[in-house]
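Listed here are the chains, written in short residue letters.
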Amino acid sequence: MKEPEPTVAADLEQAARQRSSPESLVVINQLVKQFGKLRAVNNVSMTIQAGETYGLIGPNGSGKTTLIRMLVGLVKPTSGSIQIMGERVPSAKIAPHIGYMTQLSALYNDLTAGENMRFFCNIYGLHGKEQKQRIEEMLARVDLADRIDSVVSTFSGGMKQRLSLACALVHGPRLALLDEPTVGVDPELRRSFWDYFAQLNKEGITIIVSTHHLDEAARCTRLGLMRFGVMLAQDSPRELLRQSGQEDMEDAFLYFASGKEVQQ
Amino acid sequence: MSFSRIMALATRIIQQVLRDKRTLGLIFLVPLLIMTLLYLVLTNNSTAHTLAIVYPTGAGSDRIKTLIDSQLPGPDKLHTISISASQVDSTLKNGDADAAIIFPADFAQQVLANQNPTVQIKLQGSDPTVASAMSDLTQGFAHQLGIAIAALKSQDGQGVPTVTGASLPFTVATLQYLYGGPQYTFNDSIAPVFIGIFSFFFVFILTSVAFLRERSQGTIERVMVSPLTRVELVIGYICGFTLFALVQSLVILLFVIFALRVHYSGNLALVFLVSALLTIGSVNLGIFLSTFAQNEFQIVQFIPLVFGLQIFLSGVFWPVAQLPAVLRPLSYIMPLTYANDALRGVMLKGADFIGIVGQLGALLLFAVVMVLLSAATMRRQIA
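Line order of the protein sequences matches chains A and B.
Numbering-wise, the working numbering puts 112 at position 112 of the first sequence, and it's gapless, one number per residue.
Numbering-wise, the working numbering puts 256 at position 256 of the second sequence, and it's gapless, one number per residue.
Take the hints with a grain of salt, since some may be wrong.
To be verified - Once the Cα atoms are required to be at most 30 Å apart in a straight line, the calculated DSSO-like pairs of lysine-lysine come out as:
1) B:Lys21 with A:Lys160
2) A:Lys202 with A:Lys129
3) B:Lys65 with B:Lys153
4) A:Lys202 with A:Lys93
5) B:Lys21 with A:Lys132
6) A:Lys132 with A:Lys202
Read the hints as simulated data drawn from the structure, not as lab findings.
Throw the hints in and build the complete structure from the sequences for me.
Given below as structure tokens:
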């Protein structure tokens, strides 16, 4: 039962090893979530490889958030199974390796940016010099280095969103689940977020990101197109465009959406 | 279970409370303000009431008058004015007196003739507290007067005017106290329970709001996804808020002992033990009830339910034993009943651990039940 608490360095090392031999980091099998009469997630299966950015694309209410909440163990599936790093979710073993960014910015507004970061480091077992270094690094990355001692309630929406991302990634997770991280973020910063995600991929970190900005889809390794809880199609952006014979992702999405309707 | 994760959470809670100056004021200054006000209100004995006396005027009244005056309580307890029979209603109406006692004009003759005269007491009556005090005072006085007259009459039929108040057929020895002494006031008995009330109340408010915010701002989801377990979450909250509750208890204790000069005897460590157990229960009650609130306003709605009832039924102002039988079972399920009992036991009677072990057991039970309830609802908090 007792497992040595892994350090961030060891995690990164392990992630680097994974990069050389891609394996299925996340395996989802026939996942269903029923809320009363509503089937929020309907029979979704997917496999995600280490080091890729998997984009969940779909309009509001398509089941992206519910799917992510099931992945992090906050929502219990009605049926189906999820395996992350070979462990069946929910599992305490994988918790240290997961980074989770909610749709809300989910910060302690009465604390400073630094205090927020320190709290999340501490509960992930990241202490001392290593902690200080990581916090400085992450805050620099989201362009908040000079605001470390500012109270979060004085932040703008975009700043909170950036700090929220920094808090989700500060402990160096192997798998980052980001629920609409770019909502309310200006175009310039959105681009820098996506550049950062690409860099994380290079470091071997896997990202599952949901968005309803279809223009962001091209930046993902693979996409899962969702509507009404159903996975319409999943493949690389290029392949999805080819299969649909469309020029841009919006048309491709509509193509797959109507195709499903015809089939039903 | 990880000690460092628990400390991380406790540290965060301490930081949050320290950052909020108004909350700090609420925890540490408001209790002192309330205690001071209560002290001033309760030690105010200057409200001696006024009794209007209509003395008998017929033959032999002088001796009776002397007798009446000798039986009156001292002017520190009761002011008296002398009026005529026709002035009674107007005096009471004007508020010049709170009650009147009316002797018939021929009171002396009637007494001597064994005619059993009637003495009328009339109360102003608009304030039940004053009316009840005056009713007790005047009837007690009339009773004393009756005994004095009877004693006088039995001494000699004609009566020699040597009247003293000590003509009772027995002597009452000086009062003895098992606990405390004549210097003990109502304040001394009320101060201990406020230590319990304040730590229970503020910790409940702070925890339920903190947890509600954790839920509404979404941080609870982050915390639940992290390696921090539900048990660690509960313990972290307990540690953070218990610290404030104990410091608060210390501040209140020092204030009532040194500033208000409330008397106390007993072991301070036991006071803190009671306060700590009560706080653990209160933290978890806050977590538990915050599940059922959507916003801060709905937390406020819990206050009369959680707190109002306990103020009336836990023996703060009236002993539980004096409550109507239908309400007493309610008292016995309230944690403050046991905390009040234990705190009074320690501070007034100098009780030791064994002396309050029953109350401590009840508080421990309350704490355990609340911990289980809050842990059980933690799942609902995030779903």
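Hint check:
Taken as a hint, the Lys21 (chain B) and Lys160 (chain A) pair is honoured in the structure, with Cα atoms around 23 Å apart against an allowance of 30 Å. The suggested pairing of Lys202 (chain A) with Lys129 (chain A) holds, with an alpha-carbon distance near 25 Å, which does not exceed 30 Å. For the given pair, Lys65 (chain B) sits about 15 Å from Lys153 (chain B) by alpha-carbon distance, which is consistent with the 30 Å threshold. Between Lys202 (chain A) and Lys93 (chain A) the CA atoms are separated by roughly 24 Å; this keeps the pair inside 30 Å, and the hint holds.
Annotation: proposed proximity of Lys21 (chain B) to Lys132 (chain A) holds, straight-line Cα distance about 28 Å (limit 30 Å). For the proposed pair Lys132 (chain A) and Lys202 (chain A), the alpha carbon gap of about 24 Å is at most 30 Å, so the pair holds.
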